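Undergrad: In order, the protein sequences belong to chains U, P and H. Going by my numbering, the first residue of the first sequence is number 3, and it counts up by one from there. Going by my numbering, the first residue of the second sequence is number 30, and it counts up by one from there. Going by my numbering, the first residue of the third sequence is number 7, and it counts up by one from there.
Worth double-checking, as some hints may not be accurate.
Taking lysine to aspartate or glutamate and the EDC-like style, the derived pairs with C-alpha atoms no more than 20 Å apart in a straight line are [as the list claims (entries may be wrong)]:
hint, chain 1, residue 1, chain 2, residue 2
1, H, LYS149, P, GLU121
2, U, LYS27, H, ASP75
3, H, LYS296, H, ASP270
4, H, LYS149, H, GLU194
5, H, LYS149, H, ASP135
6, H, LYS95, H, ASP112
Note that these hints are calculated values from the structure, not bench results. From a predicted model like this one, the values you see are computed outputs, not experimental measurements.
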Amino acid sequence: MALIGTQEEPPAVTPAPAAAGRRGKLTPYWLLLPGILWLLVFFAAPLVYQASTSVQTGSLEEGFRVTWHLATYWDALTEYYPQFLRSVAYAATATALCLALGYPLAYLIAFRAGRWRHVLMVLVIAPFFTSFLIRTLAWKTILSDGGPVVSALGALHVLDLTDALGVTEGQRVLATPLAVVCGLTYNFLPFMILPLYGSLERIDPRLHEAAGDLYARPLTTFRKVTFPLSMPGVVAGTLLTFIPATGDYINAELLGSTDQKMIGNVIQSQFLRVLDYPTAAALSFILMAAILAMVTLYIRKSGTEDLV
Amino acid sequence: MAALTKKPAGTPAGKPTRAPGRTSRWLRRNLVVLAGLATLGYLILPNAVVTVFSFNKPNGRFNYEWQRFSTDAWTDPCGVADLCGSLSLSLEIAFWSTVGATVLGTMIAFALARYRFRARSSVSTLLFLPMAMPEVVMAASLATLFLNMGVTFGFWTVLIAHIMFCLSFVVTAVKARVMSMDPRLEQAAQDLYATPLQTFLRVTLPIAAPGIAAGALLAFALSFDDFIITNFNAGSTVTFPMFVWGAAQRGTPVQINVIGTAMFGIAVLCVLVGQLVGGRRKRS
Amino acid sequence: MTTTAPTGTPSSDSSGTDVRLTGISKRYGAFTAVHPLDLAVPGGSFFALLGASGCGKTTTLRMIAGLEDPSTGTVRLGGKDVTGLPPYKRPVNTVFQSYALFPHLDIYENVAFGLRRRGVKSVKKQVGDMLDLVQLGDFARRKPQQLSGGQQQRVAVARALINHPQVLLLDEPLGALDLKLRRQMQLELKRIQTEVGITFVHVTHDQEEAMTMADTVAVMNGGRVEQMGAPADLYDTPRTTFVANFLGTSNLITADVLDTSGDDIVLRAADSKLALPAHRCTATARTGEKLIVGIRPEKITLTHADDAGTIPDGRNRVRGRITEAGFTGVSTQYLVDGPVGTGLSVYEQNIERDGRLVPGADVVLHWNPGHSFGLDAAQSIEAGTDAGEGT
Numbered sequence: 003m004a005l006i007g008t009q010e011e012p013p014a015v016t017p018a019p020a021a022a023g024r025r026g027k028l029t030p031y032w033l034l035l036p037g038i039l040w041l042l043v044f045f046a047a048p049l050v051y052q053a054s055t056s057v058q059t060g061s062l063e064e065g066f067r068v069t070w071h072l073a074t075y076w077d078a079l080t081e082y083y084p085q086f087l088r089s090v091a092y093a094a095t096a097t098a099l100c101l102a103l104g105y106p107l108a109y110l111i112a113f114r115a116g117r118w119r120h121v122l123m124v125l126v127i128a129p130f131f132t133s134f135l136i137r138t139l140a141w142k143t144i145l146s147d148g149g150p151v152v153s154a155l156g157a158l159h160v161l162d163l164t165d166a167l168g169v170t171e172g173q174r175v176l177a178t179p180l181a182v183v184c185g186l187t188y189n190f191l192p193f194m195i196l197p198l199y200g201s202l203e204r205i206d207p208r209l210h211e212a213a214g215d216l217y218a219r220p221l222t223t224f225r226k227v228t229f230p231l232s233m234p235g236v237v238a239g240t241l242l243t244f245i246p247a248t249g250d251y252i253n254a255e256l257l258g259s260t261d262q263k264m265i266g267n268v269i270q271s272q273f274l275r276v277l278d279y280p281t282a283a284a285l286s287f288i289l290m291a292a293i294l295a296m297v298t299l300y301i302r303k304s305g306t307e308d309l310v
Numbered sequence: 030m031a032a033l034t035k036k037p038a039g040t041p042a043g044k045p046t047r048a049p050g051r052t053s054r055w056l057r058r059n060l061v062v063l064a065g066l067a068t069l070g071y072l073i074l075p076n077a078v079v080t081v082f083s084f085n086k087p088n089g090r091f092n093y094e095w096q097r098f099s100t101d102a103w104t105d106p107c108g109v110a111d112l113c114g115s116l117s118l119s120l121e122i123a124f125w126s127t128v129g130a131t132v133l134g135t136m137i138a139f140a141l142a143r144y145r146f147r148a149r150s151s152v153s154t155l156l157f158l159p160m161a162m163p164e165v166v167m168a169a170s171l172a173t174l175f176l177n178m179g180v181t182f183g184f185w186t187v188l189i190a191h192i193m194f195c196l197s198f199v200v201t202a203v204k205a206r207v208m209s210m211d212p213r214l215e216q217a218a219q220d221l222y223a224t225p226l227q228t229f230l231r232v233t234l235p236i237a238a239p240g241i242a243a244g245a246l247l248a249f250a251l252s253f254d255d256f257i258i259t260n261f262n263a264g265s266t267v268t269f270p271m272f273v274w275g276a277a278q279r280g281t282p283v284q285i286n287v288i289g290t291a292m293f294g295i296a297v298l299c300v301l302v303g304q305l306v307g308g309r310r311k312r313s
Numbered sequence: 007m008t009t010t011a012p013t014g015t016p017s018s019d020s021s022g023t024d025v026r027l028t029g030i031s032k033r034y035g036a037f038t039a040v041h042p043l044d045l046a047v048p049g050g051s052f053f054a055l056l057g058a059s060g061c062g063k064t065t066t067l068r069m070i071a072g073l074e075d076p077s078t079g080t081v082r083l084g085g086k087d088v089t090g091l092p093p094y095k096r097p098v099n100t101v102f103q104s105y106a107l108f109p110h111l112d113i114y115e116n117v118a119f120g121l122r123r124r125g126v127k128s129v130k131k132q133v134g135d136m137l138d139l140v141q142l143g144d145f146a147r148r149k150p151q152q153l154s155g156g157q158q159q160r161v162a163v164a165r166a167l168i169n170h171p172q173v174l175l176l177d178e179p180l181g182a183l184d185l186k187l188r189r190q191m192q193l194e195l196k197r198i199q200t201e202v203g204i205t206f207v208h209v210t211h212d213q214e215e216a217m218t219m220a221d222t223v224a225v226m227n228g229g230r231v232e233q234m235g236a237p238a239d240l241y242d243t244p245r246t247t248f249v250a251n252f253l254g255t256s257n258l259i260t261a262d263v264l265d266t267s268g269d270d271i272v273l274r275a276a277d278s279k280l281a282l283p284a285h286r287c288t289a290t291a292r293t294g295e296k297l298i299v300g301i302r303p304e305k306i307t308l309t310h311a312d313d314a315g316t317i318p319d320g321r322n323r324v325r326g327r328i329t330e331a332g333f334t335g336v337s338t339q340y341l342v343d344g345p346v347g348t349g350l351s352v353y354e355q356n357i358e359r360d361g362r363l364v365p366g367a368d369v370v371l372h373w374n375p376g377h378s379f380g381l382d383a384a385q386s387i388e389a390g391t392d393a394g395e396g397t
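The shape of chain U in the complex, shown without the other chains:
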């Protein structure tokens, strides 16, 4: 009887007592105040401000006034929808590639690395410490025309295939969609690997043994046990990859040509070069809305609400 009894009492303390909250119901608010104020003033308020900018008209010399000129949105959409679509397509491709490339590595570190685990972890994180711009520039060297990579791909007739698919052009890789997607994939790969590793590492290896014991082949074990349990990591990883990739303009700028411009490039040039603030504001507002809509839909579908 005592044996059964030992397992009964759950470790939880009675209805979650708000610890340390003996006195002072205001304490959490004081703790929140400075940081939240910072976010409200420098993150939320600018977004509102930007919304108002997007419906202003005027010029740099005469100043801008709110005129509810919604046509800016229409103009922005009709003029730049190719860049929008391209951004989503590139980012989605890069995210899929990140998942395909990152999963084996995360799995390797979590389950097969043994005492090499820490070394591999360091090798994943360490590139972070070299400025990503420098590393992106290195791809210019790696993918340069006549370089070993392009020569090899050409000799293997891979470039014929990719040329036919339209992702490369004229037997070169630089200044093609392939180069931009390759750069995006490379840049955001660690953002996929880290959350994946985080959720894989939490899986008890004995679950694999249990699945094997219950007649699951390795591949079935992966499909039915490992992958479902790593879903939080997959969701977090895809979001952390897809969102920044959609708004990125570095890779398109450094590795692409004018034909690979993404929406980030447009916003940047509208804002910093053309100085057409309403259009820049309208574009970023559309981008934000589109991404929030996609993310919300995705989170709903994958059923992991609590990401923060």
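Using the hints provided, position chains P and H relative to the given structure of chain U.
TA: Relative to chain U, chains P and H alone:
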């Protein structure tokens, strides 16, 4: 590991499995290892290129093609105008952003992890949004605000922006740690005559320290390496990433590779030393 | 520093301090964790709060420790009202469930923690002595996670006891240990308590543990104390069906009261006439109404129906048929169905086993009426059993 090598314990159907060749079996068993290492190679390759090309002596202004070996850049890392100035500015901004974001973020993390309050879900949303927002959107909107307020762009606008986007990441890192901490530890401290302040200083803070350190490290890396937000809010101030960006348009000095290689080396060294010290402490 | 020290010097007299709870209760919104209750723990006693999870026992303990503010009522330690004092000003210490040892401090610093907070300068000797007492002298510089469960448990006890608290609170201190170690630590804790003479208040869900260790046991259910007393009294004369079922096993039979005039109440259950000493009945018995008669399984003797004539007079008898028989070594446990109820439980010592007592056999259950107890029939007969969980 055993799971991957274990054969299903007796197939009920009793179908005999065909013995495949040794090579193909080895390949199948280690496929994930090979794929993982290939990915690792993909991740490391640019760093290798950066390192190799730090010893290059290019013809012309761009350092994209190998010419011949030289250590010129290593002996004179600051030999390019503005490079070391931008580097120290970046370090300075990263330092202060880390301090600011870590302090503010840790406070928020404690509030979220330890208290129940009404605005909780709105606060969580507000913290999540900066992470779910393309940088270019945040960058443009903040710059719009500064522009309209007539704020002069420079060090302070960059610092403000960096603290803003680092904050959420610090909160996430610290909160995870504080949440996983057993509240009974603090109760035990109070039970053992520690006042609330002593409890915080002697128990809560030391236990939360790894989370805070991780958050701070993340903030430093994010701030130091940020380009997009900085580009919109820096005015004529030039941080290191902005210097590299500018160089990419005009000509890439080899010194950039020297700095990149050195940072990579220092980071790896720091981690290895940390591992050694940590490992020794664990053993003793 | 002196302000944070516990009231007065830690008591060294062996009489211990009594704990008195008056009208104490705890509500969380609409949920009442502890209904207003009065509890007096005699100084120097080993007191156990026993109950299933969620019965309010841990909340009660936490209110004594000061980790939970009572919604109503007062907590007094040795006559002094400490209700408003925060935990760090109360002369009580707690051995937490799963120990709550500080993971960033070694064993030595864990044990020294309380002394240091109270500004004691030279802790070396005290900590050393205390570690020796719990036989962990060699482990002073280890971190908690490097110790086994039993060792961690001893550190937790040492960390609390070194402060010479007036009352030591133990929150399921043995819950994480395996059975053998539990038995060992039960005796160990009991020994320490006898040695130091400090009042121990021990919260547990394990009825055997409570009965083995405590001088006084309070059985809690649904935020109320059902019954309080010495373990043997609780076991022999439970006052509610919950206590009867939760503390060991009871056979509870609903019966009609026939006669209340004599020393024995006479009752009828199905075709059996049962006697029950009036002083062993906690409910008021009225002729024509119902009453629950309880009898412990080991008090019942089993006789094969063929030998029914050999049963002495004056014993309560009930007919039945064996449905299950389980051999446990010391005894054989039978389940019997009969007209008075199903699933009656009987434990027979394995002294002279009757080979005919197998499932399917017709038997007579009989017992000394003096061993039965009477309970109010208005209660659920299943309270405190697995089937009656949540009552």
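Undergrad: Evaluate each hint against the coordinates.
TA: Right, here's what the structure says about each hint:
1. Between LYS149(H) and GLU121(P) the CA atoms are separated by roughly 38 Å; this puts the pair beyond 20 Å, and the hint is violated.
2. Between LYS27(U) and ASP75(H) the CA atoms are separated by roughly 14 Å; this keeps the pair inside 20 Å, and the hint holds.
3. Between LYS296(H) and ASP270(H) the CA atoms are separated by roughly 15 Å; this keeps the pair inside 20 Å, and the hint holds.
4. Annotation: proposed proximity of LYS149(H) to GLU194(H) is violated, straight-line Cα distance about 23 Å (limit 20 Å).
5. A distance of roughly 19 Å separates the Cα atoms of LYS149(H) and ASP135(H); the hinted pair therefore holds under the 20 Å criterion.
6. A hinted pair counts as satisfied when its Cα atoms are at most 20 Å apart, and LYS95(H) with ASP112(H) does not qualify at roughly 25 Å.
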